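Residue numbers (the numbering used here), protein chains in the order written: chain A, 1 to 260; chain B, 261 to 838.
Keep in mind that the hints were calculated from the coordinates and are not lab data. Misleading hints may appear alongside valid ones.
[To be verified] Pairs of lysine to aspartate or glutamate, DMTMM-like flavour, derived with a Cα cap of 20 Å:
no., chain 1, residue 1, chain 2, residue 2
1, B, LYS586, B, ASP543
2, A, LYS194, B, ASP727
3, A, LYS55, A, GLU68
4, A, LYS55, B, GLU729
5, A, LYS215, B, ASP543
Predicted model only: the values in this text are computed from it and were never measured.
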Amino acid sequence: MKSTLSHVLAIVCIAVPLHAGAQVSNPFEGDARAIRAGERLYANRCAACHGADGKGATGPDVTMLWLEGTNDEAVFDTIREGVDGAVMPPSFAPDEELWAMVAYLRDISTVPPFDAGDGDAEIGREIFAANCGECHRVNGAGGTLGPDLSNIAAVRSREALIGSIRDPSAAMALGYRTVTLVAANGERIEGVVKGEDAFSIQVVDTDARLQGYLKANLRRFVHEDESLMPRFGRLRLSERELDDLLAFLATQRVDASAAH
Amino acid sequence: MSMRSVFAIAAGFVLTATAPGVLLAQSEPSDESDAIPFARSAPSEIVPGDPSDPGVSYADILRGFDDQSGWLTFSGDYSGRRHSPLTQIDRENIYRLAPAWTFQTGTLTRGRGFETTPLLYDGVLYVTGSNNFAWALDARTGRPFWTYQRDLPDNLTYGRSAPVNRGFGMLGNRLFMVTLDAHLLAFDRRTGDVLWDVVLADYEIGHAATLAPLVIDDKVIVGISGGEYPTRGFIDAYDPATGDLIWRFYTIPDWGEPGSETWPNEEAAMQGGGATWMTGSYDPELDLLYWGTGNPNPDFYGASRLGDNLYTAAIVALEGATGELKWHYQFTPHDIHDWDSNHVPVQAQLTIDGEERRVVMVANRNGFFYVLDRTDGELLLAEPYTDTTWAREIGADGRPIVLNNDGSGGCLPDQWGATNFMPPTYDPALGLFFVNARETCSSYVPFEPEYVRGEATMGGVVWTDRDAEYGALRAIDVMTGERRWEFRYPSATMAGVMSTAAGLVFAGDHQGNFTAFDGATGENLWYYPTGSRIWGAAAMTYMLDGRQYIVIPSGTTLVAFALPNYEFASPAGAVIGR
């Protein structure tokens with residue numbers, strides 16, 4: 001296997017003048033063999049902290065880097081130098097290996113272009129305001145209980161978004177999981193969990209109030225399997241309306257390079 | 261007596277106020293006419309600060325917890341129990357326990373903070389921190405006497421990814437600390453000056469050193485880190501006076517020596533890991549050191565190192581005088597999960613089948629709790645203390661009956677293990693072993709690693725379901741291995757544990773709570789949110805001026821707790837503090 005990697009690198013290694021000019025591009029960008037090699041290197045050296053899928057473990061999510069406006073050279077430099085003040089170590093591996101890892105990271109970070117479909121974005125805006133805006137916001141307008149959807153079309157596929165709308169409980173994002181609390185006075189509180197330890201729980205309730213509770217003062221608390229977001233089945237949101245809503249969300253997609 | 265002179269006498273230094281808030285420490289003897297010896301449980305002729313004070317002797321360390329105003333070695337004594345005889349803080353008054361002081365390092369850390377156990381001698385705490393900082397602190401106030409920072413190279417290997425340190429060793433007036441570039445340093449405890457500096461190993465190939473040295477009679481015992489790299493672990497003994505190497509024990513035998521047949525070839529063996537990065541324990545009567553050994557390397561890829569891979573993921577018993585191997589027991593033969601056995605081996609005296617046995621106990625990263633006869637390594641008990649599906653029993657031959665080695669047959673403990681290096685504790689009065697257990701859910705996918713100088717060779721990837729994890733402080737009956745009680749946390753914790761003769765157990769969690777429990781029942785009696793996860797460190801405790809302090813390292817702070825100070829007077833009758 002060692003020879004396989006060397007082989008890959010030998011084939012794709014192109015002499016490029018690094019650090020000449022404004023921004024160095026990855027000599028292996030999009031190269032399938034380099035990406036495979038990079039995947040192996042990532043698994044070996046990075047996954048313990050950044051997670052096997054790159055979505056973070058003890059270290060941060062590295063699948064959002066390009067969306068957040070970084071570039072290949074900056075990622076290369078971070079792998080090379082490590083991060084001061086953080087646990088991320090420097091790497092002394094050859095440049096080719098680092099570029100292979102960059103190619104892999106970019107590959108897993110790239111979301112295919114969002115299929116906006118043929119809905120009417122203007123009608124979708126009204127559907128959003130009537131059904132979603134109480135909890136979700138786009139471009140600063142809307143509620144705070146649910147996630148910000150301004151860039152959602154840049155990071156989720158059309159299929160994933162449809163899944164989240166039709167069956168929101170199937171996969172609840174961390175920080176948006178539902179809890180039901182019953183206070184000592186019998187008051188019932190629903191909200192999403194922002195933090196929890198053995199003794200306390202930090203909640204944003206359905207009135208969007210930030211509320212901390214000591215567990216000892218609660219009659220009970222239950223982590224719910226159901227999202228606070230209602231299911232938008234076909235009776236509630238027709239296929240036509242769904243198309244319109246997705247068209248609206250697609251218009252919100254912010255081009256990473258333009259955003260930064 | 262002014263506060264200043266109390267302060268100076270207590271610490272054994274003359275303190276000169278050069279500017280508001282600035283104190284200089286000088287190693288001159290005190291000439292304060294009203295100087296009184298600082299009260300210690302063992303009266304001494306020596307006035308603290310007197311240069312004739314020979315400092316800590318081997319006999320002092322042997323006495324362990326007998327000196328209630330001292331904490332002279334990593335676990336408090338050689339037994340590794342971390343069980344203090346102090347009882348001032350008890351079940352009835354612990355609700356009044358409050359912070360007495362906080363020390364903040366003011367330094368950045370790269371991901372991991374304090375994992376240290378401060379040593380206490382003569383009213384001064386000697387503390388090591390991340391990135392090889394170190395301090396001498398007034399144990400009453402947390403105020404520093406001196407600060408040390410090592411100038412580290414910028415191409416650290418293992419030491420860059422885990423830039424931690426777990427504490428000093430101490431003998432005479434010397435402190436001993438290992439470094440991230442794999443050196444061993446001796447300091448003058450009075451000044452923080454480095455007296456000698458020796459190289460343990462080549463850090464550029466992957467080594468580092470992070471453990472608290474263990475001082476035995478005229479030897480400084482240290483181990484090495486770097487088992488994630490193609491390295492070969494060892495345990496060393498150094499002369500405390502000169503830094504000369506007295507003996508070295510390699511955790512992987514020389515090729516052709518007994519144990520080497522558990523490796524397929526010499527190349528695999530000589531880079532096969534077996535690091536020794538956690539402080540061991542010592543039986544002075546048997547002159548045996550007990551030391552845990554780390555994972556074989558590559559961590560997850562076993563195909564290049566077929567065989568049991570001795571003496572990795574094991575405990576070794578070494579003769580203190582010579583470093584000669586007396587016995588070993590391998591917990592995880594041919595490990596492929598990064599399940600280092602770098603735990604503090606905990607000693608006890610148990611009556612088993614009517615017979616007094618000197619035992620050593622280990623709650624292992626593989627999910628089993630073990631009791632071994634520490635004279636010969638005979639396995640006396642091995643029971644799972646977690647819900648691991650890796651194995652549920654250890655066979656008559658002492659080997660685990662492995663059911664699920666890669667996680668395909670149900671969750672396995674993750675690569676951080678069912679517990680880790682954070683110290684456990686043992687209360688002999690209750691017969692209970694307390695450990696922070698981690699219930700995690702992982703599967704393992706190996707890859708053949710690439711060998712690049714200075715790069716880790718993990719050799720695989722671990723898939724973990726973080727939603728399925730939780731942590732629990734567990735009380736294990738050492739006679740049966742049964743769980744007596746547990747206290748659960750929402751996520752797996754890496755906090756160490758300490759117990760006291762008041763029947764208290766002090767633990768912590770990943771959310772930063774420092775916690776206290778009734779050891780007999782598991783009732784949570786008290787907690788304090790420190791603001792940063794408690795990670796690898798365990799509490800230590802001491803008496804000063806008739807007042808019991810409990811210190812917990814958390815993030816980049818140390819917090820000392822005590823009962824409110826107005827309740828206590830100094831031995832001389834003056835009220836200490838405000």
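Comparing the hints with the structure gives:
{"no.": "1", "hint": "B:LYS586 <-> B:ASP543", "in the structure": "holds (13 Å)"}
{"no.": "2", "hint": "A:LYS194 <-> B:ASP727", "in the structure": "holds (15 Å)"}
{"no.": "3", "hint": "A:LYS55 <-> A:GLU68", "in the structure": "holds (14 Å)"}
{"no.": "4", "hint": "A:LYS55 <-> B:GLU729", "in the structure": "holds (17 Å)"}
{"no.": "5", "hint": "A:LYS215 <-> B:ASP543", "in the structure": "violated (45 Å)"}
Hint check: a violation occurs at hint 5 only; the rest are consistent with the structure.
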